[in-house]
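Undergrad: The residues making up each chain are set out below.
Number of protein chains: 6
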Amino acid sequence: MSQEILIGKVAILLATLEESETAPFQPLLKGVHYCRGKVGAMNMEKVIAAVETAATRENLITENLYRENHALYHAILEALEGVTRGQFAIGDMKRTVGLRFAVVRGRPYTDKREGEWIAVAFYGTIGAPVKGLEHEAMGLGVNHI
Amino acid sequence: MSQEILIGKVAILLATLEESETAPFQPLLKGVHYCRGKVGAMNMEKVIAAVETAATRENLITENLYRENHALYHAILEALEGVTRGQFAIGDMKRTVGLRFAVVRGRPYTDKREGEWIAVAFYGTIGAPVKGLEHEAMGLGVNHI
Amino acid sequence: MSQEILIGKVAILLATLEESETAPFQPLLKGVHYCRGKVGAMNMEKVIAAVETAATRENLITENLYRENHALYHAILEALEGVTRGQFAIGDMKRTVGLRFAVVRGRPYTDKREGEWIAVAFYGTIGAPVKGLEHEAMGLGVNHI
Amino acid sequence: MSQEILIGKVAILLATLEESETAPFQPLLKGVHYCRGKVGAMNMEKVIAAVETAATRENLITENLYRENHALYHAILEALEGVTRGQFAIGDMKRTVGLRFAVVRGRPYTDKREGEWIAVAFYGTIGAPVKGLEHEAMGLGVNHI
Amino acid sequence: MSQEILIGKVAILLATLEESETAPFQPLLKGVHYCRGKVGAMNMEKVIAAVETAATRENLITENLYRENHALYHAILEALEGVTRGQFAIGDMKRTVGLRFAVVRGRPYTDKREGEWIAVAFYGTIGAPVKGLEHEAMGLGVNHI
Amino acid sequence: MSQEILIGKVAILLATLEESETAPFQPLLKGVHYCRGKVGAMNMEKVIAAVETAATRENLITENLYRENHALYHAILEALEGVTRGQFAIGDMKRTVGLRFAVVRGRPYTDKREGEWIAVAFYGTIGAPVKGLEHEAMGLGVNHI
Ligand SMILES: [Mg+2]
Ligand SMILES: [Mg+2]
Ligand SMILES: [Mg+2]
Ligand SMILES: [Mg+2]
Ligand SMILES: [Mg+2]
Ligand SMILES: [Mg+2]
Numbered sequence: 001m002s003q004e005i006l007i008g009k010v011a012i013l014l015a016t017l018e019e020s021e022t023a024p025f026q027p028l029l030k031g032v033h034y035c036r037g038k039v040g041a042m043n044m045e046k047v048i049a050a051v052e053t054a055a056t057r058e059n060l061i062t063e064n065l066y067r068e069n070h071a072l073y074h075a076i077l078e079a080l081e082g083v084t085r086g087q088f089a090i091g092d093m094k095r096t097v098g099l100r101f102a103v104v105r106g107r108p109y110t111d112k113r114e115g116e117w118i119a120v121a122f123y124g125t126i127g128a129p130v131k132g133l134e135h136e137a138m139g140l141g142v143n144h145i
Numbered sequence: 001m002s003q004e005i006l007i008g009k010v011a012i013l014l015a016t017l018e019e020s021e022t023a024p025f026q027p028l029l030k031g032v033h034y035c036r037g038k039v040g041a042m043n044m045e046k047v048i049a050a051v052e053t054a055a056t057r058e059n060l061i062t063e064n065l066y067r068e069n070h071a072l073y074h075a076i077l078e079a080l081e082g083v084t085r086g087q088f089a090i091g092d093m094k095r096t097v098g099l100r101f102a103v104v105r106g107r108p109y110t111d112k113r114e115g116e117w118i119a120v121a122f123y124g125t126i127g128a129p130v131k132g133l134e135h136e137a138m139g140l141g142v143n144h145i
Numbered sequence: 001m002s003q004e005i006l007i008g009k010v011a012i013l014l015a016t017l018e019e020s021e022t023a024p025f026q027p028l029l030k031g032v033h034y035c036r037g038k039v040g041a042m043n044m045e046k047v048i049a050a051v052e053t054a055a056t057r058e059n060l061i062t063e064n065l066y067r068e069n070h071a072l073y074h075a076i077l078e079a080l081e082g083v084t085r086g087q088f089a090i091g092d093m094k095r096t097v098g099l100r101f102a103v104v105r106g107r108p109y110t111d112k113r114e115g116e117w118i119a120v121a122f123y124g125t126i127g128a129p130v131k132g133l134e135h136e137a138m139g140l141g142v143n144h145i
Numbered sequence: 001m002s003q004e005i006l007i008g009k010v011a012i013l014l015a016t017l018e019e020s021e022t023a024p025f026q027p028l029l030k031g032v033h034y035c036r037g038k039v040g041a042m043n044m045e046k047v048i049a050a051v052e053t054a055a056t057r058e059n060l061i062t063e064n065l066y067r068e069n070h071a072l073y074h075a076i077l078e079a080l081e082g083v084t085r086g087q088f089a090i091g092d093m094k095r096t097v098g099l100r101f102a103v104v105r106g107r108p109y110t111d112k113r114e115g116e117w118i119a120v121a122f123y124g125t126i127g128a129p130v131k132g133l134e135h136e137a138m139g140l141g142v143n144h145i
Numbered sequence: 001m002s003q004e005i006l007i008g009k010v011a012i013l014l015a016t017l018e019e020s021e022t023a024p025f026q027p028l029l030k031g032v033h034y035c036r037g038k039v040g041a042m043n044m045e046k047v048i049a050a051v052e053t054a055a056t057r058e059n060l061i062t063e064n065l066y067r068e069n070h071a072l073y074h075a076i077l078e079a080l081e082g083v084t085r086g087q088f089a090i091g092d093m094k095r096t097v098g099l100r101f102a103v104v105r106g107r108p109y110t111d112k113r114e115g116e117w118i119a120v121a122f123y124g125t126i127g128a129p130v131k132g133l134e135h136e137a138m139g140l141g142v143n144h145i
Numbered sequence: 001m002s003q004e005i006l007i008g009k010v011a012i013l014l015a016t017l018e019e020s021e022t023a024p025f026q027p028l029l030k031g032v033h034y035c036r037g038k039v040g041a042m043n044m045e046k047v048i049a050a051v052e053t054a055a056t057r058e059n060l061i062t063e064n065l066y067r068e069n070h071a072l073y074h075a076i077l078e079a080l081e082g083v084t085r086g087q088f089a090i091g092d093m094k095r096t097v098g099l100r101f102a103v104v105r106g107r108p109y110t111d112k113r114e115g116e117w118i119a120v121a122f123y124g125t126i127g128a129p130v131k132g133l134e135h136e137a138m139g140l141g142v143n144h145i
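Protein chains in written order, with UniProt numbering: chain U, 1 to 145; chain R, 1 to 145; chain A, 1 to 145; chain Z, 1 to 145; chain S, 1 to 145; chain Y, 1 to 145.
A portion of the hints provided could be inaccurate.
Okay, derived cross-link-like pairs now, DSS-like style, lysine-lysine, Cα gap no bigger than 25 Å in a straight line [stated by the list, open to error]:
| hint | chain 1 | residue 1 | chain 2 | residue 2 |
| --- | --- | --- | --- | --- |
| 1 | A | K30 | A | K112 |
| 2 | R | K46 | Z | K131 |
| 3 | Z | K46 | R | K46 |
For each label pair, taking beta carbons as the anchor points, the in silico distance ranges come out as [as the list claims (entries may be wrong)]:
| hint | chain 1 | residue 1 | chain 2 | residue 2 | range |
| --- | --- | --- | --- | --- | --- |
| 4 | Z | K38 | A | Q26 | 47 to 57 Å |
| 5 | U | G31 | Y | T62 | 41 to 51 Å |
| 6 | U | K46 | Z | K38 | 46 to 56 Å |
| 7 | R | S20 | U | G31 | 14 to 24 Å |
| 8 | U | E19 | A | K30 | 56 to 66 Å |
| 9 | U | E19 | A | P129 | 42 to 52 Å |
| 10 | U | S2 | Y | E58 | 24 to 34 Å |
| 11 | Y | P129 | Z | R57 | 15 to 25 Å |
| 12 | Y | Q26 | U | R113 | 26 to 36 Å |
| 13 | U | D111 | S | A49 | 15 to 25 Å |
I should point out that these hints are in silico values taken from the structure, not numbers from a laboratory. A virtual CB, placed ideally from N, CA and C, is assigned to each residue, including glycine.
Produce the entire structure from the sequences given, and follow the hints as far as they go.
TA: Laid out in C-alpha cells, this is it:
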C-alpha cells in the first residue's frame, strides 16, 4: 500500500462513530491533525461555513491563506456530493440535514514528497423537514493541501 | 431517535473496516442481513454488477423480483455519487477504482410500519490507472425496499 | 408485456390532457388511485410541497409514514429532472414554471409480488418570468412504494 | 395563452399513445410536421442517432444544415434528461431502454415572428438488462429552430 | 474551415482582455454586433439578468421576442456551466463571482443559410466571500438565434 | 488586485489565439511555465491523456508525484465542464471535439505564501461527427499545486 495513514478512513470513523466508540481507533489518530463538529441546516452555505469555521478555529487550515482554504473548500464540496447524491441543494429541495463532520489533515503517503492532504467526512441524516422522516447520509472528500 | 438500527452506519463500518477491526461492532449486526464484497474496475457497469451479484447470491434481495432489484439499484447509484463526486464515470474519465462494499438490509425504524430498508456503502481508492496515484473515496446509498 | 397497468402513461395523460380530453382514457383509470393538481412557482420547494400536499390529502400516501413519503419524494425529484433538464433550479436561474401534475398509485405488474408503485408526472410551461416567454416542459418519475 | 399549437403536447401524445389511441387527437396534428420512431439501446449514441436519422429522412430538418441539426440535437438531449433523470448514461449504468419517440416541428406561438420550434418526446421503459425488470420513462425537449 | 467569423473567440477576447489590450483584434469585430458588461453577484439570477439586460439595451436581441430571448438564455446557461464547473450555484455554495462578460451576435458560417448565432463569454474571479480568496473562472456558450 | 500573474488569462490566450496573434502578450508569459497542445477525440479519456502527457513531457508536473498529478487532473476536469457544458461525455453523446489546449503553472498571488497554482484551458470546436456541423467551445480550470 502506498498510503500509510488513511486520512479518509480516519475522517469517516470520526464522523460516523459516537465518542464512546472511537477508543479502539486511537492509534489511527497518531500523526494527524483533526477536528469534529455538528451542523443542522436547510442550506448548503451554512454547512460549508460550519466546517470552514471549525477547521480554521482548530488551526487545521491557515486563516486567509487562500491555498489552504481552496483545498478545504473543494474537499467539503466533494463530501457534500455524497450527502446530497446528485442535486446540490438542501432546503430548495424541501429537505433538511443533521450532520456530524470531521476534518483530518496529515501525510498519508509513504513517499514524503507527497506532502499534506486533507479529508472531510460527513455522517448524519437527510430527509423531510419533519422529525423522523429521514434516513442516513454520508460523504467523503479528499484533497492535496 | 426514530431509528433503532442504523443500517447506513453498519454498511459504512463493514465497507471501511478491516475484518479484524469489526469485532467491537458485532452487536450492531444483530437483526440485519448483510454481505460484503470487493471490486476493482474502470467501468461503472462492473461495479454495479458486482454489488447486485453479491446481494442476490447472499439472498439479500429476491432474484427477478423487480421491486427489490429496483430498490437496490437506486441505493447503489446513490452510493456511487459519493464515490464519483459529480461525474458519473470511471474509465471514461481516465480513472480507476478499487472498492470494498457492503449491503445491509433491515428494519431501521422503531415504528414497524416503516418496514425494511437497504443500505449500500463503498470504501476504497479512486485515481489514475497507475499504482499508488490514488486517494480514498466513499459512498452511501439508502432506500426503502 | 410484464406490465398490465401503465401507471406512468396514466400519470402523463392526466397531467397533459385537459379534463375534457380524458374521456377516452377512463378505462385506464380502473384499478389505480390518482390525484391531479396545479402549481405555479419560482422555487422547487413549492412545487415539491404542492405535490406532497395533494397526494397526502387525497390519501395516495399515508401521512407521517416515511416509507411512503420517501417513495413519493424520489418520484417527484425524478419527474423534476425532466422539467428542469440538467439544472435543479427554477427562480435561481431566473425562470418560472406553471405546471399541472398527477400522482398515480397502483399495481402495474402482472406478477402480484411486485406490489404497489407510484408515478408522478408534470406538464406545463417553463420560461422567463415574463408572460408568454416560455415553452412546454414535462417530467415523469416512477418508484416502488 | 400565447401558444396556439402545443408542439410539446403533440410530441408527448405521439410518443405515449398507441396508434389506435391517437384518433381523438388528429385535429392537433394540423399545421405541424411530425415523425415517429422506435429505438431499443444500451447506449445514448444509438438513441440520438435514431431520432436524428428519422427526422432527417422525414424532412423535419434539412440535412447538413447545422443550424437545424443543432436545434434538434439540443432538443434530443433535453428530452433524454427526462428519460435518464440525473445521470446521462444507459449501458454504462447497467440499464437498457426501449423507447418510442416523436419529433414535431411547427409554429406554436400566435405571434408569427416567433417562427418555428421543434419538440422531441420519448416514452417507453428503462431498467435492468433483464426482460421485465423495468419501469416507464419519459422525456420532452423543446427548442427554437 | 467552415466558419469565417469566430463569434466565440471574439466573445472570449472581449470578456478576457482589458479595453487597452483589444486593439490588435479590432478587425475581428467587423461584421458582428457585440456588447460588454460587468457583474458581481452571489446569485445566478443576478448574473443572468445582467447579461440579458445588457443584450436587450444594446439591441443584440429583440425585447419580448421569445425566440431570441430563448437563444440568449441557453447560451448564458452554457457559459455559466464553465464558470461554476459542475454545481449550478454561487452564494448557496458560499462563493461569490466578479465577472466581465461579452455577448456577440453574427453569421459565423461561410454557408449563409446557417444564419445568425450568438455567443456569450464570462471571465473573472470566483471564490470565497472574502477579498482575495478567489481564482479565475471562464465560460462560453454558443447558440443559433 | 491580489493576483499579479493571471495564469488563467494566460492559459485562455494560449489556447484561443493563433501562434501569430500571441506576440502582444509575450510579457504575460514571463514568470510562468507553460505548454500547448492539440487533441481531436470522441472520448474524454483521450482528451485528459493528451493534456497529462504534454504537461508531463514539458516538465510542468513531476511524473509519478500524485500530488501534482491530482492537481492537474482536477484542473483538467474543471476545464472540461466548460467544454461539455453539463454532460460529461463526448462520443457517448454522438459528438466530437477538436481542441487546442494550454497548461500554465506559476505563482499568481502577490502573497508568496500562496505558492504555485496551475491553469488548464481548452478552446476549439464541438459538434456532430460530420465536418463543419460544429460550434466553438471553451473551458478553464484552476487549482493549487
Ligand atoms: Mg481527487
Ligand atoms: Mg432518499
Ligand atoms: Mg428507477
Ligand atoms: Mg429552453
Ligand atoms: Mg450546442
Ligand atoms: Mg476552485
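Undergrad: Falls inside 56 to 66 Å, the C-beta gap from U:E19 to A:K30?
TA: holds, 57 Å
Undergrad: U:S2 and Y:E58, beta-carbon distance inside 24 to 34 Å?
TA: holds, 26 Å
Undergrad: Per the hint of 15 to 25 Å, is the separation of the Cβ atoms of Y:P129 and Z:R57 within bounds?
TA: holds, 18 Å
Undergrad: Between R:K46 and Z:K131, does the CA-CA distance stay at or below 25 Å?
TA: holds, 20 Å
Undergrad: Is 14 to 24 Å a correct range for the gap between the Cβ atoms of R:S20 and U:G31?
TA: Check passed, 21 Å falls within 14 to 24 Å.
Undergrad: Please verify whether A:K30 and A:K112 have alpha carbons no more than 25 Å apart.
TA: Roughly 17 Å separates the two Cα atoms, so the pair holds.
Undergrad: So the hint says 26 to 36 Å: do the beta-carbon atoms of Y:Q26 and U:R113 match that?
TA: holds, 33 Å
Undergrad: So does U:E19 sit 42 to 52 Å from A:P129, Cβ to Cβ?
TA: holds, 50 Å
Undergrad: Would you mind confirming whether the straight-line C-alpha gap from Z:K46 to R:K46 stays at or under 25 Å?
TA: holds, 21 Å
Undergrad: The hint says 46 to 56 Å between U:K46 and Z:K38; measuring C-beta to C-beta, is that right?
TA: holds, 49 Å
Undergrad: Using the Cβ atoms, figure out if U:D111 sits within 15 to 25 Å of S:A49.
TA: Since the Cβ atoms of U:D111 and S:A49 sit about 50 Å apart, the hinted range of 15 to 25 Å is violated.
Undergrad: Mind checking the hinted window 41 to 51 Å against the Cβ distance between U:G31 and Y:T62?
TA: violated, 24 Å
Hints 4, 5, 13, counting from the list given before, are not met by this structure.
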